[in-house]
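> Residue numbers (the working numbering), protein chains in the order written: chain A, 1 to 495; chain B, 1 to 102; chain C, 1 to 169; chain D, 1 to 628.
The reader is advised that the hints may include incorrect statements.
Claimed, not checked - Simulated crosslink set (DSS-like; lysine-lysine; CA at most 30 Å straight-line):
no., chain 1, residue 1, chain 2, residue 2
1, A, Lys158, D, Lys592
2, D, Lys32, A, Lys296
3, A, Lys429, D, Lys375
4, D, Lys530, A, Lys446
5, D, Lys29, A, Lys352
6, D, Lys364, A, Lys446
7, D, Lys540, D, Lys530
8, A, Lys296, D, Lys364
9, A, Lys429, D, Lys592
10, D, Lys210, A, Lys352
No wet-lab data here; the hints were simulated from the structure.
Okay, here's what each chain looks like letter by letter:
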Amino acid sequence: MSFPILSSILLAPVLGVLIILFIPEKEDKIIKIVAAIATGITVLLSLYAFVNYDQSVGGIQFVEQIPWIDELGVVYALGVDGISLPLVLLTAIVIFTGVFASWDMEKRAKEFFVFLLALVAGVFGVFLTTDLFFFYLFFEVAVIPMYILIGVWGSTNKEYAAMKLTLYLLVGSAFALIAVIGVYLYTGLNTFDIQTLTQYTYDVGFQKFAFFLLMIGFGFLVPMWPLHTWSPDGHVAAPTAVSMLHAGVLMKLGGYGLVRVGIFLFPEGAKFWAPLIAVLCIVNVVYGAMVAMAQKDLKFVIGYSSVSHMGYVLLGIAALNTLSINGAVAQMFAHGIMTALFFALVGNVYNKAHTRMIADFGGLAHQMPRVATGFVIAGLASLGLPGLVNFVAEFSIFVGAFRVYQVLAILAISGIVITAVYVLRVVQKVFFGPRNPRWDELQDAKGIELVPIVILCGVLIFLGFFPSFLMELINNGVDPFVQEYLSTLKIGGMF
Amino acid sequence: MITLNHYLLLSAILFCIGLYGALSKRNAVAILICIELMLNAVNINLVAFTKFLTPEVLTGQIFAIFVIVVAACEVAVGLAIVIAIYRDRSSVVVENLDWLKW
Amino acid sequence: MDYQVIAFWLLSFITLGSALSVVFFTNIVHSALALIVTFLGIAGIYLTLHADFLAAVQVLVYAGAISILIVFGIMLITRGDGKMAETNLFGKYKYTAAIVVTTLFGVISYFIIRTPWSIETAALSENTIGDLAEILLADYVIPFELAAILLTVAMVGAIVIAREVKNPK
Amino acid sequence: MIESIGLNYIWLVPLAPLVAFILITFLFKRFKMLSALTAIFSMVISFWLSLDIVKTILTDHSITMNSPLEKAVPWLNMNGLFIEMGALIDPLTAGMLFVVTFISLLVMVYSVGYMHGDPGFSRFFSYLALFVFSMLGLVIANNYFQMFVFWELVGLSSYLLIGFYFYKDSAAQANKKAFITNRVADFGFMIGIIILYLYFGTFNFAELAKGISSSSDLAFLTLAGILVFIGPIGKSGQFPLHVWLPDAMEGPTPVSALIHAATMVAAGVYLLARGFILFASSTTAMTVVAYLGGWTALFAATIAITQRDFKRILAFSTLSQLGYMVMAIGVGSLTAGMFHLTTHAFFKALMFLCAGSVIHALHKQDIFEMGGVFKEMKITGTCMVIGGLAIAGIPPFAGFWSKDEILLVAKENGYTLLYVLAAVTAFLTAFYMFRLIFLAFFGEKRSDYHAHESPWTMTVPLMILAVFSIFGGFIGAPFVEHGFASYVYFGEPHHPKPDIMLMGSSTLIALAGIFLAWLVYIKKAISAEKIANQFAPIYKFLYNKWYIDELYQWFFDKIVLGLSALLNWCDRYIVDGIAHSIAWMTRTIGAKGRYVHTGSLQTYGLVIFAAVVVIVLFLAGPVVGGVQ
């Protein structure tokens with residue numbers, strides 16, 4: 001057996017946790033360096049996997065399997081394909097930059113990084129595993145540290161937000177759990193292996209039932225309207241790195257689950273419920289964007305923009321063709337990077353200015369030109385400007401969705417206009433305008449604070465100009481499946 | 001002829017007496033005593049089963065011995081708790097011992 | 001009527017009568033004394049069941065040790081204010097509990113009677129001590145040792161719990 | 001295969017400015033002159049290559065509109081979406097390349113003088129380089145997708161450059177407005193190209209042309225045509241999405257000249273020309289294009305006659321001229337539209353650069369505060385007059401030939417109403433342009449200012465452009481053999497017969513306009529104030545730009561923000577309210593239910609045993625009743 005890359009990705013943060021546990025509390029510099037190294041390793045390894053994935057072979061690669069609970073057929077199975085690999089890379093990038101974004105964390109730094117790394121290990125696990133049991137297990141592993149991280153290190157109404165987030169996510173995962181157990185018992189194959197379960201032919205009635213459960217369960221995570229209110233509150237309350245990880249990666253677990261478990265296992269069920277998802281996701285897109293416009297707190301704007309953008313992911317999923325699902329996965333990646341950048345920047349400003357109210361700012365580009373540049377880039381990515389990776393993802397979704405839902409696709413495209421309105425309004429109100437002497441003390445981002453900004457902007461621009469690196473990999477993962485299971489079926493049945 | 005049913009009914013009656021006492025008495029020590037009655041009723045069952053059902057293996061009696069051991073422990077710890085409560089509250093009336101609520 | 005039958009009925013009468021006394025006496029000391037009688041009666045029942053070792057244990061542990069422990073407990077927690085006759089009263093569930101218990105007894109006895117027991121008629125060995133020793137020290141040696149540990153733990157625990165708290169702060 | 005450096009290295013045309021942009025942003029930011037030189041050098045490369053392309057096309061007749069040269073590399077290949085990035089070279093591209101690189105080069109040189117001493121000097125040149133990159137990418141695009149990508153990127157550069165003085169609130173507002181207005185337009189454009197892609201399975205212009213010509217689904221083609229046309233409505237400032245262009249004058253003046261007069265705003269017209277077959281296939285779409293263009297031309301001209309701000313007058317005049325071009329395309333003459341685009345690029349860039357020169361010297365923009373500037377600024381003033389004559393359409397200046405051709409095709413193709421509209425617009429154009437010139441450059445000083453002629457970096461580009469504004473029209477003049485029309489055309493080259501009557505009448509109209517302006521503002525035979533007072537409502541209506549900005553502002557403030565506040569309220573109190581009420585229910589049930597827990601051991605015991613009894617009875621029910 002060759003070098004276990006995926007296990008190493010999974011275990012690097014765990015190892016980091018163990019090392020940090022033995023470092024005295026007051027050596028917070030060393031703790032941060034350890035965290036940076038641990039996450040840096042994951043970036044390198046996932047880049048390695050990204051580059052070395054053999055597209056001509058396709059399918060699940062870098063497989064590792066160790067039987068875990070024989071009686072139940074649980075196997076510690078890791079493997080990545082074109083769908084999960086970009087998300088693994090996304091997670092690695094976001095956490096790596098997140099560590100740098102929380103470089104000035106002084107309050108209980110040790111515990112903070114322990115929980116942060118534990119959280120990210122859970123997230124990696126979800127994307128890496130090919131076993132439904134571990135999928136669920138890792139998902140739960142990710143939720144609990146999140147609760148503590150927000151509850152202890154958060155701001156603005158943190159206890160409420162932490163509680164709300166945890167309850168929502170747990171309710172969601174309860175739905176998913178029913179579906180998981182249901183599948184296990186229904187097939188009677190005594191296995192949780194997703195590949196095997198995908199090939200099983202389910203009865204249409206069961207598919208509808210199970211997909212509905214998954215739709216609600218993962219809908220909480222994505223978050224699908226009207227199950228979304230935990231996410232802006234959570235984003236706002238969470239400390240910077242956690243917001244980055246939360247908006248950047250955690251929400252993607254829902255989209256990923258919906259594709260990997262929902263559609264792959266139950267194509268018929270997906271067909272049946274797709275119109276409902278499509279309608280709700282349009283609400284997400286338009287409503288999220290409109291609500292974002294009304295916000296007064298910078299983080300709330302970004303929080304609702306996430307709701308809006310995740311609507312595109314749902315639209316891509318609901319359209320159920322290769323192109324749209326490609327777009328959805330790519331949008332998850334792109335949005336993750338973009339929103340992490342947003343939160344890193346807002347966190348940077350908030351740390352120095354101790355306010356996030358849009359009305360308090362103005363002309364900040366004088367004092368913080370680099371932050372302003374980063375924010376403009378993130379904003380442009382958000383409104384889907386060509387040259388940034390989000391555009392390619394959204395365009396794929398639009399083209400894919402247009403084949404199926406013309407009217408809804410047009411409404412979704414109108415979302416890019418509304419997004420432009422609120423993003424540019426924020427940029428104008430916060431960064432442009434006359435110099436405000438109140439903020440003359442603020443230091444521009446420099447040194448280590450620049451690391452997340454540069455990396456994230458770089459990824460956005462690089463993949464924006466050369467999207468084929470990302471998109472063709474995703475296509476490689478999605479297309480065979482769609483060809484086999486989805487192309488012959490017709491969407492609808494609900495309405 | 002005394003059959004198994006006789007013993008079982010005896011044990012049932014004894015158990016119910018013990019249970020009744022445990023549920024209705026006010027004194028904590030009385031409740032402990034009644035629990036002892038219930039345990040003894042169980043022991044009678046076990047021993048009777050050994051005699052009538054599995055005379056060649058003495059598992060029932062072994063069980064009874066373990067029950068006695070546990071009962072001894074229970075009484076010791078239970079009384080200790082009652083004494084501790086008494087020291088704290090100067091009372092062992094269980095109706096007053098409701099701090100477990102809410 | 002052979003002796004066994006007479007012994008059974010007599011012992012049952014003693015056991016149940018004293019058990020009822022335990023419950024219905026209003027003086028806790030009387031209850032404790034009635035309890036000793038019950039234990040002894042049960043020891044007799046064991047004898048009718050050919051459980052000689054168990055009977056001995058019953059007398060030693062229950063009638064001897066546990067009863068003394070209980071009496072000591074009563075001594076420690078009862079105020080000497082001359083109202084001994086009110087130390088063991090019924091609480092508010094006197095009647096409710098009676099109903100529940102009676103129903104429970106009905107259910108249990110119904111099932112006891114309806115169950116077709118497969119009676120083995122083989123006789124028990126006259127002296128069970130040897131057999132018990134073999135089983136206890138061979139098959140059940142680990143539970144046996146655990147029981148020893150349990151006793152120790154209980155003893156330590158009891159001491160810790162009951163010990164007077166010197167400094168409440 | 002034609003051997004030509006320009007054609008072989010066509011990719012270098014847009015990439016040179018991109019490289020300049022990257023170099024300036026990351027390396028040369030601190031070195032102002034180096035930044036400017038880098039940008040200018042990259043422009044020289046692009047310009048030289050473009051010239052080579054033009055030369056090749058002029059000398060070698062193998063590349064024509066109907067047999068373009070195409071080069072492409074795959075950019076993205078997924079199942080269901082295949083995108084190329086490439087270059088499509090035909091006379092249309094070549095002409096546009098020449099215009100863009102030529103004017104960019106001149107504007108960059110000019111900016112060295114104009115922006116001198118500005119703290120954002122390097123930033124300015126990096127943005128300009130980024131703009132030129134995007135514009136050239138747009139021009140050489142061989143498919144709609146690439147066009148859209150660069151279309152958005154020019155929008156971005158425009159956003160950055162309008163907001164160049166980001167510390168001015170008005171600039172920050174203006175660039176936001178520009179971007180959002182263009183977004184609205186791109187919304188339609190994007191849907192247009194998506195449905196085209198889904199229908200024909202390609203973005204490529206040539207393949208689409210084949211598909212469209214063999215398609216008979218007229219309703220679809222009309223729809224697609226109109227949707228795609230929404231893009232130019234935004235970018236080329238057609239009514240009703242014109243509102244951003246006057247505000248865009250908040251940017252530095254060279255930017256206004258380059259982006260908001262000569263090149264970017266003309267991209268809409270270029271797109272119409274590039275995708276001409278789509279529009280030509282549907283009469284309805286063409287009619288919409290033609291009338292919208294004609295209406296915009298007149299509409300913008302009516303506003304221009306009342307404005308006071310030097311640059312804003314020019315901006316409205318740009319709108320009006322863009323309307324001409326769109327109308328030209330709409331009435332069916334690609335040639336006329338592109339010809340006017342070219343000449344307009346020369347004289348409008350010239351006028352904006354003159355405006356920049358004046359503003360640079362005076363630090364004023366209100367023409368009523370100027371007067372007599374000509375005395376101090378001879379070169380600028382002369383150039384401005386040349387530009388004015390060109391736009392007014394006085395022969396033999398450039399504008400005359402191109403405008404005349406538009407009038408001619410409108411008349412020829414039977415659009416009489418449009419012809420009249422265009423003629424009225426021509427009169428208004430002459431009037432407001434000379435109103436501007438007379439008020440600003442002639443007459444007496446109306447305020448205290450010190451003017452001086454600008455440095456050579458600014459005047460040399462002016463003079464070059466002035467030469468082109470005078471003689472540039474000859475490339476397409478009717479008497480020139482193998483002129484513009486024999487290269488840039490749709491279908492077959494079409495040489496409209498010169499119509500002396502028409503030429504004479506339009507010259508007369510222009511002269512009448514100029515004469516009226518002279519009467520009012522120099523001779524003061526007619527009092528402008530008096531007329532304004534007499535027709536106060538109309539004057540105010542025009543001065544306030546038909547209140548369209550106010551309408552939009554109202555729509556945005558009341559409807560959009562109101563809706564967003566309403567939805568926000570819904571989110572807080574209804575969506576979240578439901579979640580909270582579920583939480584409240586749970587909590588209440590818990591709060592009430594906790595009384596079940598009396599804490600009394602005996603109660604629990606009683607309940608447990610009672611439950612045991614009940615459960616046993618329940619489970620035993622069948623057994624009790626049934627057989628043993």
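> So, against the hints stated earlier in the document, which numbers end up violated here?
2, 3, 4, 6, 8, 9, 10
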